[in-house]
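Engineer: Single-letter residue listing:
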Amino acid sequence: PPLADICGFQTPKPGGLVSSLDHDNEEYCGNFSANSTISLPPFANPGTNLGRVLKDESGNDIPMNFDHGTTTLGFKYQGGVLLAVDSRATGGMYIGSGSVKKIIEINRYLLGTMAGGAADCTYWERVLSKQCRLYELRNRERISVAAASKILSNIAYNYKGMGLSMGVMVAGYDKRGPGLYYVDSDGERTPGNCFSVGSGSIYAYGVLDAGYRHDLTDEEAYDLGRRAIYHATFRDAASGGIVRVYHMKPTGFEVISEQDCKELHYMYAAEKQ
Amino acid sequence: MSGYDRAITMFSPDGHLFQVEYAQEAVKKGSTAVGVRGNNVVVLGVEKKAVAKLQEDRTVRKICQLDDHVLMAFAGLTADARVLIKQARVECQSHKLTVEDPVTLEYITRYVASLKQRYTQSNGRRPFGISCLITGFDNDKTPRLYQTDPSGTYHEWKANAIGRNAKTVREFLEKNYTPENVATEEQTVKLAIKALLEVVQSGGKNLEVAIMREDSKLSMLEVSEIEKVVAVVEKEKEEEAATKKKESKSEAK
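Residue numbers (our numbering), protein chains in the order written: chain A, 28 to 300; chain B, 44 to 296.
Be a bit skeptical, because a hint or two may be false.
Computed from the model, here is a short list of chain A residues facing chain B with C-beta under 8 Å [said to hold, decoys possible]:
#1 SER66
#2 ASN166
#3 SER171
Calculated directly from the structure, the hints in this document are not laboratory data.
Cβ coordinates follow ideal geometry from the N, Cα and C atoms, glycine included.
Isolated chain B, as found in the complex (with noise of 0.2 Å):
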């Protein structure tokens, strides 16, 4: 088997690229990132790892702007990235120029997998090591999420995380996305939060999150506005387990 896996992306014995295994163990080691599609919003946010002392904290930015209506947020390699987001970019205005449309975000997804396929099919290259979280709004004002991983397939999601604990975080998000608990702003980006929460050491200084509403206004979030939203969060889980511990109490009784 070991000699199947260098160099050239090529099928193991039992069926598995393991070029494609390995990148997706590099997504693992990213940053976490989660997506929520709300009723009338779409909120985005990620872990911001911590930076060293003399480093300037703005150089590394983990959401970025495929156009006015598309955002992006990855797990992984970040030069990876910064190649795939140049190629949607440019993408995203093409298809303005020849179809005088701006892109579905389905469309986009399609163009981003398809070149990461493409890498895992070509002659010395290998795949990118970065799994996308790729969000906005179609014309017709549907919101949307997509993930796309190394390998080059996507699907949408009505919630999703990617990069280290993502498994911890979409279990959280499986418990507790409904329908009711995204009907607003407030409460979609609520619930983001709270999902990272579950994975990133508390304080809004180490959390980046992005909203894009149905106007494709994007907005970054402020310190102190994610640092509000924490503390509610926090208050409201301390008051939950309060009400536990009195529960477990009279049931002792």
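Okay, chain A solo, but in the shape it has when bound (with noise of 0.2 Å):
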């Protein structure tokens, strides 16, 4: 048998004027033309089947865990939405970085978070971000947070049972006031005053419940998000990092701070004495 059939290789079409580079990228890189439809694995129900097609030198399955490692927060109140996340990232046990950015900014006056699969979540809210200037283009006005959300819960949907893992906030800023939605890859989306989204989640509750009230002034908004978030990092082990505070106004979002946990812990233990 020839070598050319043997190595797999195709005779590339003819009167093809595409080189070989962007042949690969046809091949191989779909997403770059056609972003919003991205290639499926080709086996089926890839969301549970996913981790026993990989398999180790010995045989033995990859476990490919999608804890919702994080705890990101956002509610409304007078001033508009409060936006708090922290930035570990794990993998297992392993925490791959402390710095990441789960606060994406999808436009002016649009906000995502990120918790669970962060490839999935940066990718989709990128490909939000086309759409919904796309939208500002064709009708010549903002897109609405309501309209925002409903994109990439459809994309969501779209992907039920295939694997993708998100649990986002939509936040933002439009003609009918503040707003803030809860959007996941379960293709669930949700209005709501306050959310919190992750493994650490329960402990941010917990701090949330305790002191929200519409009224926040500013400060007592920005201290509410911030403190719900470092106890989540203090007792939740896939949470830490610096401890983000964005605050979604109506006239655009503003980064309020950006604090480690740890700086976090001392000031608050002062402040007990």
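The two chains are supplied separately, each in an independent frame; assemble them into the complex guided by the hints.
Structural biologist: Right, here's the structure in full:
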């Protein structure tokens, strides 16, 4: 048999002006040209079977855990929407990074948080940015938070059961005022006043629910969000790093603070004295 | 030139799309429709074609509802209109589902216009033989009136007419449309009916008039209501004619 067949080499299509680099891109990186429809793994039930397909040298399964190892929170109040997140990325018991940006800036009036699979969240929220910009250009007005969150949730629903892992909050400001939606990879999309997502959310909810009022001042809101995340980083092993606080105002979002949780620990300890 | 105007819509040597122009001719054969944008209402009026003796009256409706807040009247091939209306209605709901907001008039007009344009650039298809008047209220309570034509272009209008004798009606509107003349619902309806009466044989039985108000309430005028307005308009015309006669007589003296 010819060498070409053994190697699996395909003769290039006749009349192809496409260079080999472009051809490879087409074949293996369909995302560059069609980024809203990515190819699926070539087997059934990717959600459950993905791990099984990957076996290591000894034939053991490589477990792929998609715990939402993180703490993110968001709440609406009189001053707009407040988002606070941690910045730890874990793969099992290994800390991959202590400075991940878990708030994604979709545009000046829309923010998205990240929980679950970092790649899934980042990728699809970037596709969301593209769709939001196209909407603006076509309709000559900014997209509503309801519509933006629906685009993301429809994408997630499209891939339901295929292994996407996202627990995202879409926060923004539009004609109707402040908007906050929880969107996840099961296709759920819920509007609400107060959410926390991730493995540390249970700790954050405790602090958040104790201190939340609609008529918080800006400073009180920043402090509440910051404290809630800090307490989650204290107790949850999968949360830590830098505590980032963002404020979504009628005029767009503003970065309020980015402080290491260790710094906050000693600050709050000192306050107790 | 004649080789270029059959089958597919292709350019002629001097830059015409003859199929589209022929479609516009078909529109000119359709019964007249007029649209007037008032201060807080929008009014659509159409000429009702005379029906055969045995035909049931209400089977031909030329004013259609695309959504709670969007009305459409057309001139031209009724069957073509049916296709467009069906797709526009679906799009109105689709938009509501994905964006959680009702369509703006501009959006749905753009959708209908894009559909029409697609058919001027597709194999084996002919353009739609209708012009539409799409009107209603946006979410922020602004009244709007748009017109589309078989080529797929659309424009916003304060008042316009399409179909047979549209030019005459439009000229009448150009002379008589002022913001004061459309300040109230009553005045806007009167202007629309008066404009139609320029080209339609008198009688409320020959007109169909629809009004849409700010709160998205649609109402089709009863024949009796139309006849009342027609009577007022005719009386005014007679009075005008009478005063003109008097003036010319006194001048002659």
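Engineer: Are any of the numbered hints broken by this structure? If so, which, sorted upward?
Structural biologist: 1
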